[in-house]
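K.L.:
Residues per chain are reported as follows:
There are 2 protein chains.
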Amino acid sequence: MLRDRTLRLQHGNRIEALCVLGTQISTDVYGAAPAGAVSFSLKHTEAVNVEVVTGEQVEVAPGNGGPRWPLDKGTVLRLSMSQASMEVNDNKVTVSYYGEEGGQPIDQAGVFLTGIGISLDVDADRDGVVEKNNPNKATWTWGPDGQGAILLVNCDRESPFIPALDCDDERVFSKEDLLDMSRMVLRTEGPPRLPRGYEIVLYVPLSDADKVGVFYVQNPFFGQRYIHILGRQKLYHTVQYMGGPAELEFFVEGLCFPDDSFPGLVSIHVSLLESLAEGIPHAPIFTDTVVFRVAPWIMTPNTLAPVNVFICSMKDNYLFFKEIKKLADKAGCELKVCYGYMNRGDRWMQDEVEFGYIHAPHKGFPVVLDSPRDRGLKDFPIKKLLGPDFGYVTREPLFEAVTSLDSFGNLEVSPPVTVSGKEYPLGRILIGSSFPTCAGRRMTKVVRDFLYAQQVQSPVELYSDWLTVGHVDEFVTFVPSPDAKRFRMLMASPAACYKLFREKQKEGQGEATMFKGYSGADTKRVTINKVLSNDIMLQQNQYVQRCIDWNRDILKKELGLTESDIIDLPALFKMDKHGKAVAYFPNMVNMIVLSQDLGIPKPFGPIVEGECCLERHVRSLLEPLGLMCNFIDDVSSYHKNLGEVHCGTNVQRRPFSFKWWHVMP
Amino acid sequence: MLRDRTLRLQHGNRIEALCVLGTQISTDVYGAAPAGAVSFSLKHTEAVNVEVVTGEQVEVAPGNGGPRWPLDKGTVLRLSMSQASMEVNDNKVTVSYYGEEGGQPIDQAGVFLTGIGISLDVDADRDGVVEKNNPNKATWTWGPDGQGAILLVNCDRESPFIPALDCDDERVFSKEDLLDMSRMVLRTEGPPRLPRGYEIVLYVPLSDADKVGVFYVQNPFFGQRYIHILGRQKLYHTVQYMGGPAELEFFVEGLCFPDDSFPGLVSIHVSLLESLAEGIPHAPIFTDTVVFRVAPWIMTPNTLAPVNVFICSMKDNYLFFKEIKKLADKAGCELKVCYGYMNRGDRWMQDEVEFGYIHAPHKGFPVVLDSPRDRGLKDFPIKKLLGPDFGYVTREPLFEAVTSLDSFGNLEVSPPVTVSGKEYPLGRILIGSSFPTCAGRRMTKVVRDFLYAQQVQSPVELYSDWLTVGHVDEFVTFVPSPDAKRFRMLMASPAACYKLFREKQKEGQGEATMFKGYSGADTKRVTINKVLSNDIMLQQNQYVQRCIDWNRDILKKELGLTESDIIDLPALFKMDKHGKAVAYFPNMVNMIVLSQDLGIPKPFGPIVEGECCLERHVRSLLEPLGLMCNFIDDVSSYHKNLGEVHCGTNVQRRPFSFKWWHVMP
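Read top to bottom, the protein sequences are chains Y and A.
So for the first sequence, the UniProt record's numbering puts the first residue at 1; every next one is plus one.
So for the second sequence, the UniProt record's numbering puts the first residue at 1; every next one is plus one.
FYI, nobody ran anything at the bench for these hints, they're computed from the structure.
Where a beta carbon is used, it is the ideal one built from N, C-alpha and C, also for glycine.
Here chain Y is said to cover these stretches of chain A; the calculated rule only asks that three of the stretch's residues, wherever they fall, bring their Cβ under 8 Å from a Cβ of chain Y:
1) 3 to 13
2) 545 to 555
Cβ-Cβ distance ranges computed for the label pairs, FRET-style:
3) Pro195(Y) to Asp210(A): 50 to 60 Å
4) Glu199(Y) to Lys580(A): 19 to 29 Å
5) Arg616(A) to Val60(Y): 35 to 45 Å
6) Gly626(A) to Met664(Y): 49 to 59 Å
7) Met242(A) to Glu611(Y): 50 to 60 Å
8) Thr289(A) to Glu199(Y): 50 to 60 Å
9) His578(A) to Val38(Y): 37 to 47 Å
10) Glu199(Y) to Asp169(A): 54 to 64 Å
11) Asp210(A) to Ala401(Y): 17 to 27 Å
12) Gly332(Y) to Asn89(A): 57 to 67 Å
This is chain Y alone, in the form it adopts within the complex (with noise of 0.2 Å):
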């Protein structure tokens, strides 16, 4: 940052003046010359550069015993200090001015110099370490050669005993609330006490008061004591000068994530104050700024490797429960149980919550998004999941009412891509939504406004609306797959199940019979023959069809997809008096994905040679990808209430290896 201070001699006179180690001043020699004078020399001491500067030219002036140079108007002297005073004024410099007679000089002015060095330091290489001045500090920039320090948003709870988030209050009860937070380092080198009329301020912008909290650390002799400096109601904290070099550290918390009215950046700044008589303000004439970004939100994709299963105990899922259990060991992940005093008859674990995690190059942790969906599981993320080094946050909309587009079935993400060369290395979110030129349900602005303003995972909204209940996850998910390309992305397909069953059909098995053993007495009859003559249905699935074809134009647009990255599952529709759609069998895309193992929705399809015709067709797709098809029962705990294993289940995943930083949004 360019450092250039004017400052102003008096003939007959010796000032006293700061000079900040790694800035200039600038002082106009003309301008303070006695009327009469012509020329003048220079005397200054050794810590001290002086150079001449006339127009272009730059002369550096030896300590003594330099010439006399003419005076120009707009001759100037640029001083600097190159290291910090051990007394106050103990440099100098000293012009002296003479005459058109020459000889002895008609006057002279001076002025008294303390050198001092102030430099507020962060990690703004992101490698976890706070570095000395680094030039970059005052910038933020993106990707791998990106440079700027970065803020965790303190939002998880380290007591128990506090009812809120910790970055809610301005205290710090423990070392380990600490460790969430970034490091800041104030140094300072000079003189054992600052000259009268001078005082070193931090501060932050009123802008940025609401999105960052300060703390600094006293060391007393019985222990540390945290103190909160900045933030919120304080703008600035004046420091304690301690004289020699110095260092003071500090601690930074986010307060808010990124947001529609809060792009994620705030600046701290330190100031060096200056008062010249009583009465008369402060002025700053030095100032060295910080900047940080707070890190965003993070959603993982079914291609990253689950660590946790969520699921609700119902009074009737005993066995899909058992199900899940037998997958999740399998998978080598841990069940977390959510009982009914906490989900209060709410089975759909899927769409109160969204797991994501934040990340910075000296701490990461998990953090739950909270829906505004707020039924009987509303309480379960704040009381069940918040908690050490486990955050949360929520959106809730003041006014607009919350719809089922809300439920966060309704918020997925893809794996990462590439799109006509630019990179999606976290992914894309994807929301349902409603085509803009009707009146449907859509995902709450305040919600989306949260996911948008993340940045790193760049949003595709979707059509859902065309559903009863109008859930992404009811037409589309990924599963990985060994191959380059990582993953693929799979459909509901009514014109994949058309074109089974008529194959089936011409093979002689029309007469082959669905919901065998299905649970519930409403069954009646349904064979192959049956659905393939149901003009209704047919047109019905063609309808519901050209929707998802619509989706799966967005997706590959939007996720840089051909044909041959998705595998279409057979799936048939029916539609309610309104007009919406409803899976007819169970819904085999809305799956639980964990690594290679699949809990998918055992869809009670036509029976040919023993063997559930859809289940076969669907292993045939996915085991050629080492995928493993657990299919489960769902049907009465979820299936007749609307929805599969994807909705009722939930799934905390590692985070990503690749750091958001390096993302070029």
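Dock chain A against the given chain Y, drawing on the hints supplied.
P.N.:
Okay, now just chain A, sitting in the frame of chain Y:
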């Protein structure tokens, strides 16, 4: 824009589809094949182009007599049409499927195609004329190579009978109002009528609806009618499809200027909607988008030629008025007078309004920014300035109290500058403020936000809170110069005054008297010696000099200036009882600049050899630049009320010839 739509064939059936020119339809031959099919052949009409795509391989299929292709999973047909249809379904593609035995087809599938051309067109290359389907019309870029259409905020008032601005209502009364708007053309081509279930809809996103208005011009036999079809409550409009090649003409106006919550871009879309059957919602099968950027409000620096000079006629300023009239005549400008009934005793014409302009390729006009200061002159802008092709904009704080720093003597703009290689071809806005570390005055947030949001004259905040009145025009101004730099920056300078006085004292003129001829009886005999021996005055002016130097340093850095671009005008200040500064003698930097003619507050400095030595000194600095110094006595009607010539006048100037959309902000 990549346009690729999925369409599903049905074997045994011929479906119907629209194909929009410039897009392609992809259809999965494999998925639509009957069971047992192993190959297929194609037939199609001439206007359809058919490609057979298998993985990476693409083969064009002849309309007739083509080969039999093997039926592979993943084989896709890509269909497109090069010309619009004359009749519905006048083109077709037929797929014949063959079994292993070959011979006759076992089944067929087909699609009747109707080719439709749709293009929403604007003036995206900014030459004043709407193009045909400019490929860059949906994105907006800055710079000489930038593309994207431009909107004007329709903030003038064509008719005196309308109480508000033209953009405040949804009516167009005259052709003149349309001339302010940007032209948009919807071009369509195709059969006489669209097939059943299709419609074309123009729409705006909800977030843009309060930013734009779209009018449709009907030409009935007896004169034109202008109908408001989009904007505010109206989110979409079903367009009447005309058949054959047709053009529908629309006119678009902006409703508000860019601001902190509105970056300035609005988009308008046209969609072709398809509805399969009764009760089934419309789905968009094609969407075309255009983007407009709202033209920013632009200020005019002193280096642009003056057109009109504004002044208030007061009971006590007749002599001043006459001088300004003389100066305006000399400079070839019209003098516009605001009389007592309208100024209501408020003489500070500089403070209530700032003259600027807006500009689009098709039109431009002046726009006045009305300060929230709202003293005696508060009705003047809206009652006397707003009119045909003279626009109006204001920003009023909801809660924040207005201070003196909200007067527009505190809002100026520099001439064009280049700063370390970054160009500001329209200069930079300058606003006075306080230091962030103390609770001083600052321009109210809504006005600051507005100024920053215009983007093309990137503001710089200076320090003016040290003054009683607190306006930047009390210490800085700009004058044109004939050399390559094009301007000089003038700054008030106590140091220059002390230097001059000391020179005069040395020359033996210490008893030269100030304030000779000063109106008002209370000036004691003030000589150079008296001023130089007044230690308190010296100390106060040293403090003032530091405040001004702080601004000098910011201006040098932010405008890329060197010392040779700056001229110091002698000035002296005194402190009020709150420690704020006012001018001790009329403050010469507060001048009116009318090309080479300057109207400078007459300083009443020490008379040396029959001439005011301050006037003589200033002439010697400015006349070499070709500038004419006209010293104007403003003591009784302005200086005594803490303002000067600049504060009591205002100038409307010619706009820049440089096009703001060529800026790279």
